[in-house]
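Read off the chains here:
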Amino acid sequence: DAGVTQSPTHLIKTRGQQVTLRCSPKSGHDTVSWYQQALGQGPQFIFQYYEEEERQRGNFPDRFSGHQFPNYSSELNVNALLLGDSALYLCASSPDSYGYTFGSGTRLTVV
Amino acid sequence: TQLLEQSPQFLSIQEGENLTVYCNSSSVFSSLQWYRQEPGEGPVLLVTVVTGGEVKKLKRLTFQFGDARKDSSLHITAAQPGDTGLYLCAGARNAGNMLTFGGGTRLMVKP
Numbered sequence: 001d002a003g004v005t006q007s008p009t010h011l012i013k014t015r016g017q018q019v020t021l022r023c024s025p026k027s028g029h030d031t032v033s034w035y036q037q038a039l040g041q042g043p044q045f046i047f048q049y050y051e052e053e054e055r056q057r058g059n060f061p062d063r064f065s066g067h068q069f070p071n072y073s074s075e076l077n078v079n080a081l082l083l084g085d086s087a088l089y090l091c092a093s094s095p096d097s098y099g100y101t102f103g104s105g106t107r108l109t110v111v
Numbered sequence: 112t113q114l115l116e117q118s119p120q121f122l123s124i125q126e127g128e129n130l131t132v133y134c135n136s137s138s139v140f141s142s143l144q145w146y147r148q149e150p151g152e153g154p155v156l157l158v159t160v161v162t163g164g165e166v167k168k169l170k171r172l173t174f175q176f177g178d179a180r181k182d183s184s185l186h187i188t189a190a191q192p193g194d195t196g197l198y199l200c201a202g203a204r205n206a207g208n209m210l211t212f213g214g215g216t217r218l219m220v221k222p
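Chains A and B, in that order, give the protein sequences.
So the first sequence is numbered by this note's numbering: it starts at 1 and just counts up by one.
So the second sequence is numbered by this note's numbering: it starts at 112 and just counts up by one.
No incorrect hints appear here.
Now the stretches of chain B that chain A is said to cover, found in silico as 3 or more residues with beta-carbon under 8 Å:
(1) 144-156
(2) 208-218
Residues from chain A that keep clear of chain B, each with C-beta distances beyond 12 Å, as calculated:
(3) Q18
(4) T20
(5) F64
(6) F69
(7) S73
(8) N79
(9) L81
(10) L82
(11) V110
In short, the hints are calculated from the structure, not lab data.
Here a beta-carbon is modelled for each residue, glycine too, at the ideal position from N, C-alpha and C.
Generate coordinates for the entire structure from the input sequences, incorporating the hints supplied.
This is the structure in structure tokens:
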């Protein structure tokens, strides 16, 4: 049974560019959450999607947006990239309970 | 704003020693989870505690949720080099809700 799959695994972008990260949740999970983890810190909640709607949002600017598709997969989009956006972006899926499963993340480097 | 503070931030011990990691908050959580994260990977769920005063054991790991559901601890007995990693606590206000993570405790167990 595949867990949470994220792509790409690594990405290098230039300041001002836009990026799209992708996540396929664990089978049977309908809720997808995105987290940003800066080097040496704990993950920070970006937003959560359920039934193709953004259900909760953390303290992130509007440059961060997302989408959930009917098959529960999700995308995270970041516009006008800043150097400070360099981080590990984690996707977590859950069956709307306490059982979160995280993917291995996408390492984004902005230069 | 809910904040979870973990201590210590770093811990370097010899194989066979015992250790305790603490996770404290001024806010009440409906559940608290502990994760272990290795370099280049996403966090892996170790345990979820939901009842005040609850104690759960996972082999050499013992997890406790405070009576007031504001704090938690992780105790490792006879640490082994395979226990090396980043330990994260995370609280949720309700099932399916966003997770608030602590800053993490980086543990190194030397052979």
